[in-house]
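A.B. asks: Sequence:
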Amino acid sequence: MIQEDILQSKDFLDLDSSKAGIGAYELAKILFPINRSITGDGVRETLKIISQTLPSLVQYEVPTGTHCFDWEVPKEWNIKNAYLLDPNGKRILDFKNHNLHVVGYSVPIDKEITLDDLQPHLHSIPEQPSAIPYVTSYYKEQWGFCLEHRQREGLKDGSYRAVIDSSLKQGHMTYGELILPGESKDEILLSTYICHPSMANNELSGPTVTTMLAKWLISQPTLRYTYRIVFIPETIGSICYLSQHMDEMKKNTIAGFNISCVGDNRNYSYLPSRKGNTIADRAAKHVLEHHAANYTQYNFLDRRSDERQYCSIGVDLPVVTVARTLYWHYPEYHTSLDDLTVITPEGLGGGYMAIRRCIECLEENAIMITTMPCEPQFGKRGLFPTLSKGKGSTATVLGKLTAMDLLNLWAYCDGENDLLSIASKINVPLWDLLPAIKALNEQGLLISKI
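When you number the sequence shown by this note's numbering, it's gap-free, plus one each residue, and the end is 450.
Quick caveat, the hints were computed from the structure, so don't treat them as lab data. It is possible that part of the hints are untrue.
Said to hold, decoys possible - Below, a list of computed lysine to aspartate or glutamate pairs in the DMTMM-like style, where the Cα atoms sit at most 20 angstroms apart:
| id | residue 1 | residue 2 |
| --- | --- | --- |
| 1 | K48 | D16 |
| 2 | K80 | D94 |
| 3 | K169 | D110 |
| 4 | K251 | E141 |
| 5 | K111 | D86 |
| 6 | K75 | E141 |
| 7 | K29 | E45 |
| 8 | K96 | E177 |
| 9 | K48 | E61 |
| 10 | K425 | E442 |
| 11 | K251 | D339 |
| 12 | K96 | E61 |
| 13 | K250 | D339 |
| 14 | K111 | D70 |
| 15 | K215 | D165 |
| 16 | K96 | D339 |
| 17 | K169 | D41 |
| 18 | K48 | E26 |
| 19 | K90 | D16 |
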């Protein structure tokens with residue numbers, strides 16, 4: 001089992017942001033060295049390790065050539081070794097030192113090649129001379145190496161030997177699925193991807209935080225909604241998954257979250273669904289306004305991940321992305337610089353808690369209706385101060401709510417506004433309203449219409 005003392009302890013079931021962040025970071029350290037792609041043994045190994053924390057996670061294999069709308073599952077790629085020898089026979093690039101040194105899905109090769117002929121197969125970033133770029137070629141067979149630009153500039157003329165011991169053959173694409181039944185068949189989708197090699201914020205933060213969220217959901221005594229949690233390769237994985245489940249997902253999905261780039265400790269980000277006004281959008285904006293007031297709101301035109309598929313025309317699921325610093329917007333993105341120093345337990349815990357708050361808001365959201373006209377006599381019920389302290393009093397009455405917050409909550413429980421709307425109108429986090437809702441329900445002053 002992974003980090004038995006951390007991930008399996010009973011105390012860990014509470015999974016506040018601190019514990020979840022530690023758990024996600026420990027899991028990331030285990031997964032970081034594994035070479036992953038959109039297919040192959042690295043994906044299977046990753047899912048096997050995650051299954052140690054989520055035993056109910058089911059792995060599915062989709063054969064090469066399976067048609068998924070306009071796409072088809074490609075050949076399975078695996079790699080054992082790769083290196084580049086300079087004219088003196090010195091090994092200057094080695095896949096075993098860093099798996100980003102090889103272009104993802106490179107075909108096997110073992111040949112002598114001049115520097116001039118080698119250059120088109122080399123990839124570097126002049127603007128980031130100390131970074132190894134992440135480069136792939138999934139749908140055209142070719143080969144290549146990636147290296148730091150400063151190293152590339154120092155290469156001497158002569159004959160090099162390029163060796164890539166890989167295989168590209170009929171096989172499978174693998175993904176993981178976990179269904180957590182709730183009281184309702186209506187579903188909330190949590191989707192993350194497991195196709196990136198050794199990079200931390202993009203993308204080990206996604207599957208590790210999703211693992212913590214799933215563990216927290218499993219620990220809950222009841223769930224209002226059913227949860228569909230998928231660990232898939234990006235793009236081809238979501239397209240394939242939709243091709244298998246789109247009808248039921250369109251029927252049942254009330255909200256969804258694409259979980260990516262949730263591990264650094266710099267920023268929070270929100271990328272809306274295509275329609276921009278779904279309940280997932282409302283929950284995400286409400287949570288971030290209180291969880292991280294200075295978050296960055298992006299446009300759907302900024303999409304780069306699987307929200308492209310979930311929100312595409314003909315699918316139009318209510319899926320948003322809640323992230324820390326979003327992909328493309330931090331300097332280490334898609335390079336070797338995106339290592340375990342980019343993510344932190346605090347960053348992962350913050351990303352976890354932002355999405356958990358969204359889930360909590362959806363679980364608790366309802367339309368509330370008052371049972372009497374005018375304000376009730378809260379004081380005689382022990383819900384309101386019986387002593388007026390005069391001008392400027394901000395005494396709390398229930399949890400973090402002030403007396404005015406309670407009155408404002410009551411004012412909008414008209415059978416038309418749901419709790420998300422009310423919380424936004426009165427500028428109070430929905431989770432802070434819950435003690436008052438419970439007390440008012442118990443006093444027979446509110447009834448809920450779900």
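A.B. asks: Does each hint fit the structure? Answer for all of them.
C.D. replies: Each hint tested on the structure:
1. K48 with D16: Roughly 25 angstroms between the alpha carbons, so the hint for K48 and D16 is violated.
2. K80 with D94: Distance of about 11 angstroms is within 20 angstroms: holds.
3. K169 with D110: holds (18 angstroms)
4. K251 with E141: Answer violated: K251 to E141 is near 39 angstroms, above 20 angstroms.
5. K111 with D86: holds (12 angstroms)
6. K75 with E141: At roughly 10 angstroms apart (the allowed maximum being 20 angstroms), E141 and K75 satisfy the hint.
7. K29 with E45: Measuring from Cα to Cα gives roughly 14 angstroms; hence the hint holds.
8. K96 with E177: It is violated: about 30 angstroms lies between the C-alpha atoms, which goes past 20 angstroms.
9. K48 with E61: holds (13 angstroms)
10. K425 with E442: Violated: K425 and E442 sit about 24 angstroms apart, past 20 angstroms.
11. K251 with D339: Violated, at roughly 40 angstroms.
12. K96 with E61: Violated, at roughly 27 angstroms.
13. K250 with D339: Violated: K250 and D339 sit about 37 angstroms apart, past 20 angstroms.
14. K111 with D70: Since the Cα atoms of K111 and D70 sit roughly 36 angstroms apart, the hinted pair is violated (cutoff 20 angstroms).
15. K215 with D165: violated (38 angstroms)
16. K96 with D339: holds (16 angstroms)
17. K169 with D41: holds (13 angstroms)
18. K48 with E26: holds (16 angstroms)
19. K90 with D16: Given pair K90, D16 is violated - Cα atoms ~50 angstroms apart, limit 20 angstroms.
Checked against the numbered hints above, the structure breaks hints 1, 4, 8, 10, 11, 12, 13, 14, 15 and 19 and satisfies the rest.
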